[in-house]
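Chains A and B, in that order, give the protein sequences. Going by full-length UniProt numbering, the letters in the first sequence line up with residues 33 to 374, in that order. Going by full-length UniProt numbering, the letters in the second sequence line up with residues 33 to 374, in that order.
Think of the hints as simulated: they come from the structure by calculation, not from any bench. Predicted model, so just to flag it, every value in this text is computed and none were measured. Heads up, a few of these hints could be off.
Identical chains share a label here; the pair holds if one copy fits it or two copies do between them.
Said to hold, decoys possible - With a straight-line cut-off of 30 Å between C-alpha atoms, the simulated DSS-like cross-links for lysine-lysine are:
hint, residue 1, residue 2
1, Lys353, Lys311
2, Lys79, Lys270
3, Lys189, Lys237
4, Lys265, Lys79
Protein chains: 2
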Amino acid sequence: APAAPAVQAGLPEIKWRLTSSFPKSLDTIYGGADVLANRLRAMTDGKFDIRVFPAGEIVPGLQALDAVQQGTVELCHTCSYYYVGKDKTFGFGTSVPFGLNARQMNAWMMFGGGQQLLDEFFSNYNVLSFLGGNTGVQMGGWYRRPIKTVGDVNGLKIRIAGLGGEVFARLGAIPQQIAGGDIYPSLEKGTIDAAEWVGPYDDEKLGFYKVAPHYYYPGWWEPGPAITFFVNKGEWAKLPRLYQEAFRAAAHEANVTMMASYDDKNPQALARLLGNGVKLQVYPDEIMRAAYKAAFELYNEEAGRNPAWAKIFIEWDKYRKSQNAWFSVAEASTDRFLQSTR
Amino acid sequence: APAAPAVQAGLPEIKWRLTSSFPKSLDTIYGGADVLANRLRAMTDGKFDIRVFPAGEIVPGLQALDAVQQGTVELCHTCSYYYVGKDKTFGFGTSVPFGLNARQMNAWMMFGGGQQLLDEFFSNYNVLSFLGGNTGVQMGGWYRRPIKTVGDVNGLKIRIAGLGGEVFARLGAIPQQIAGGDIYPSLEKGTIDAAEWVGPYDDEKLGFYKVAPHYYYPGWWEPGPAITFFVNKGEWAKLPRLYQEAFRAAAHEANVTMMASYDDKNPQALARLLGNGVKLQVYPDEIMRAAYKAAFELYNEEAGRNPAWAKIFIEWDKYRKSQNAWFSVAEASTDRFLQSTR
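Construct the entire structure; sequences and hints are all you get.
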């Protein structure tokens, strides 16, 4: 980066590489990185140029954070919770089962202290984080056969990762880690019983409804999953201040536009899926309550052995309760009424 | 504006004046204009300098649009629905009774065609529009006495403006137009029976609970009111392209951060209000249904006499139904469960 202020020297040329954890085919979630990169180029006459690479071109999707930490690339666009294998605390950066919805996640991160708590944790990995999208609550997965009781979950082979998978395991299920492209044949052959992916718009593309027609909701393990830009700390420090400011604004844009784009596309996709004979099913309350209990047992156990988790969990849990108390008033009553009149 | 590209000549100095429709005391909604202005200064080393004026300093709050239309100022931060007296179609720019919630409004505006439809209408007023915030669904107002039936609304003097006031009038109420500072004494003396303002955080400051302790929810006349930046078309055209791009990003930031800020502050304010003896009351379903019926009668009548309204209403209503169908699935079931477990 040049020593002279941008305003005197003209805008400096900066080229960064961004590795995405998503394939181009997931256009909405992948597209968040394009929103950032396109806006930054447009604001700087092309001088701050972030080139976006789909998962697998530089590093595999689930190694995006590592690539930023080590300086292979300057930044990535990923889900923090992909890295719960390193430390469960990464879950809070995206979503944990029965956690915050999309608006609550923004409130916690931007004004409730979440960003500071997480960045303190992320600094151990040599990165800074910026909110870079949200999918809204996801759907609860595709099942070959309906499930009615907690007993039906026992022995169930379900494709699900992370903390959601751990909660399912506590109910007796056998979580499976399967790449996106392998889900369909596994469901078709019956080597798995169920699989979760994203929501109607993304799920529709993979055609799961043909082999597992029972489409459950909600995806209680991710009520408002945030997508994150991780930036290498050293590279951020070298960025001219004007570009840092531009980056912050463009990340906000990626955040709000991804949520709006999913909200625009999901209703149309769900209508098409229902037209194709998909059977919409709600998770039985018995299963929801058992999963909720198992989730908070897991959280409290983790708090007893992991100080990083404990520090964030205590604050997050207070915030969650306060948010749900407020959302149960005007927002819930409005939505309930509006949905009853359509 | 300079003829040379910004990148060669250095960034040009542009000074704009923004008139807000809000007083500084409503810090969150007023603050949306500061978010825009501060980010633009930070991204341009102070060269694109928007000075923000509170309501009343240049023109009264409800004349902000006129000031932009006539070129008195380059832009304003206001609610489109303040101008329904000119044309009811302005209602769609903010919120109409039983309309879109905050996320749905973003989806419609950004991806559902709302922005294009509205900008075609707004161009008659010599302005362009940019989303610049949202309050979320507002509360339903402060009442001196509880209301239980549609009959109780008859003859009720309630401080409420715009289309919400028209719907109340169809139920027999007598809507009152009263400036913010005059509401408290009017409620205290009993010259009005009820008054709506915003939500817990803003309402708390004016102390209504001392004289009208029944706090109703939801504010069904504004499920997700958007705040708008209106920019004079000629001034926008003169703006260097790089500044136009920066403006777009900063407006997105103002949009998403205002919603998050309200979501952060409202739970705390509601808890304090409840601690002060406020009686939380839900609008009886009978009143909600009567208001909903009256609202859509009004919309259909207006469609019969106002082509501008009709053009937007038809598209908006289709979008609304599709959105509510989708939100009734995963989002509603998640929120309902989470709120039941707090």
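>> Run through the hints listed earlier and report the numbers of any the structure violates, in increasing order.
In response: Every hint satisfied by this model.
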